[in-house]
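> Next come the chains, spelled out residue by residue.
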Amino acid sequence: MDGHDMMARIYMKMLRTRRFEESCAELFAKGLVHGTAHLYIGEEAVAAGVCSALRKGDYITSTHRGHGHCISFGMDTSAMMAEYLGRETGCCKGRGGSMHMFDIKNGNLGENGIVGAGCAIAAGAALAAKKRGTGAVAVCFLGDGATNEGSFHEAANLAAVWKLPLLFVCEDNKYGLSMPSNKAMNIGDISKRASSYGFPGKTIDGNDAMEVYGQALCAREYVAQNGPMLLVCDTYRICGHSKSDKNAYRTDDEIETWRKKDPIMRMRKIMLESGFAEAELVCMEEKAAREIEEAVEFAVNSPYPRPETVCDNVYA
Amino acid sequence: MRKITFQKAINEAISEEMRRDRDVFLLGEDVGAYGGAFGVSAGLLKEFGPERVMDTPISEAAIAGAALGAALAGMRPILEIMFSDFVTIAMDMIVNQAAKIRYMSGGQAKAPLVIRTASGCGTGAGAQHSQSLESWFCHIPGLIVVAPSCPGDAKGLLKSAVRDDNPVIFYEHKLLYKTAGYVPEGDFTVPIGKADVKRSGGDISIISYSAAALTCLEAARELSGEGISAEVVDLRTLRPLDTETIIRSVSKTGRALIVHEACKTGGLGAEIAALIAESETSAKLKAPLKRLCGLDIPVPYSRPLEKAFAPTVDSVTAAAKELMK
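Chains as they are written, first to last, in the numbering used here: chain W, -10 to 305; chain E, 35 to 359.
Keep in mind that a hint or two might mislead.
Stated by the list, open to error - As a list, the in silico EDC-like pairs of lysine to aspartate or glutamate whose alpha-carbon atoms are at most 20 Å apart: (1) Lys276(W) - Glu297(W); (2) Lys152(W) - Asp89(E); (3) Lys152(W) - Glu85(E); (4) Lys232(E) - Glu256(E); (5) Lys120(W) - Glu256(E); (6) Lys94(W) - Asp57(E).
Unchecked claim - Output of the computed footprint for chain W on chain E, the stretches with three or more beta carbons under 8 Å from beta carbons of chain W: (7) 133 to 143; (8) 332 to 342.
Think of the hints as simulated: they come from the structure by calculation, not from any bench.
Remember, it's a predicted structure, so these values are computed and weren't measured experimentally.
Even glycine gets a Cβ: it sits at the ideal position worked out from N, Cα and C.
Please put together the full structure from these sequences, using the hints given.
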């Protein structure tokens, strides 16, 4: 794929994610959602950039804020939207919900409701890939808050001593719910944490999708050959933690500052500078919007699971 | 039939399954050159090499998670958690992750993972190395919980566990490792979910599992000398419970004594008592249900105190006689 096509591909992932998240918010506002959602708005460049650098056979583990990872790693947005609305046609038949979307056969080992839990699971997938010599890598998405969890540190150490093909992608979105990361840890640069486990860590601009993509390509290559690496993506959570968040712990000015660094607007600018025509971009934007409209249409018209199936699939 | 130890039976089950299936591997703290804290994996490193018999850092959460991740990616890991007390540090991976991933994913995921762990008191190991926490896991849908009492069951059940597509917690009571018993030659399995009537009798059903089942068998022999015919039901699998065998036995004898080493409050005995109480058999009981369990205290260190903690042959015999009054 040439650079032009890759840009288009990354932009589409970001657009589809943004429209998906906006639709999630709208459906919630209309009272159509039983549950909540942790929106990824403002962080789309990370998932789109990283997942575009991955290959077939690679694995990801995701987080509670994982819609963007799932979309960028290739999940069907209709099945995801139906899952969000708790329908039988959802990717997990309505059993998982917003925080528990999986696409196991394609290597998406799932979002996770427990902060940091994906770290060790991704290490295990990387271990399996290494044992089988498939050349696959695992990517563990995690937030800044997760780097204070024991599970991150244990998995980092294990991956280091076993030289597992595992890339930790930390989305430093500045808050763990309301807790600012600078009050939750005594270091400014999270990537330094990698050094205690003897592998490289790097902090990059997580709102520049092409920067993320380029760095992720190199990181994928590195971890496949040498063992783990930590890529910290500097970004920002534009929306609240979940739908109940009133943003009482941060200022409108702060949010506005980051809105101006919107990764989608930045990507658009890069693409125009790289020779894309305005009409081409508009066409992509309309296509993404149409896809998500269709996803919503599919989801709201899908049946709920039948109560008599409530006990299905507890055991294999 | 030959006699081998419980420890050797588990060793054979692991090595035979590893020979049968390239996807099976063993990981855990000190399972390699050391041979496992209780000697279970002796010789396995030599045969299978460090890629398939993996020593891990002391890092229970990470190794449980890694075992799960490998299972999701198609492998069939056997994880040794040295003492069952240490599952507390791996709890998220077992309870929130492994147990729920199949359900949450709408049936997409399989987590064929076996967690073997040494449980129980009697070795003077103190309160943090002697617990029997199995009822915690029996409370979690999605997990299978196994606790054999003899080498033959241990080998056959472990083979079934490795071949099962669900996460299995496999309890090995420390006092059983050196006990010996008859184990068939060659490949065989014991089905998960089936209790075994280890001794048949007509007066009273003694329902137990793991090392406590041996205590009950000895008590049953003593009781027979006093003219009481006790039936000993060894549950073997704790989740799913073999309700049918329990109810059949209690229907026959009309009396039930439930014995386990785990603390009484919230222990599996409460569940079994409730099952019997909810069944039609409860109306025909000749005596109230009785539980004889570990005391509701941390496991003490000093030998006479530790002995006072768990059911003994004498206490089981006495409890049975009380029910016969």
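> Hint by hint, say whether it matches the structure.
Outcome of the hint check:
Of the supplied pair hints, the one linking Lys276(W) and Glu297(W) is violated, its CA atoms being roughly 38 Å apart against a limit of 20 Å. Between the alpha carbons of Lys152(W) and Asp89(E) the distance comes to roughly 14 Å, so the proposed pair stays at or under 20 Å and holds. Proposed proximity of Lys152(W) and Glu85(E) is supported: the alpha carbons are some 13 Å apart, at most 20 Å. For the hint pairing Lys232(E) with Glu256(E), the CA-to-CA distance comes to about 15 Å; that is within 20 Å, so the pair holds.
Of the supplied pair hints, the one linking Lys120(W) and Glu256(E) is violated, its CA atoms being roughly 54 Å apart against a limit of 20 Å. For the hint pairing Lys94(W) with Asp57(E), the CA-to-CA distance comes to about 18 Å; that is within 20 Å, so the pair holds. Taking a C-beta to C-beta cut-off of 8 Å, the region 133 to 143 of chain E contributes 9 residues in contact with chain W, enough for the three needed, and the coverage statement holds. As drawn, the region 332 to 342 of chain E meets chain W at 0 residues by the rule of a beta-carbon pair under 8 Å; below three, the given contact is violated.
Violated hints, in rising order: 1, 5 and 8; the structure is consistent with all others.
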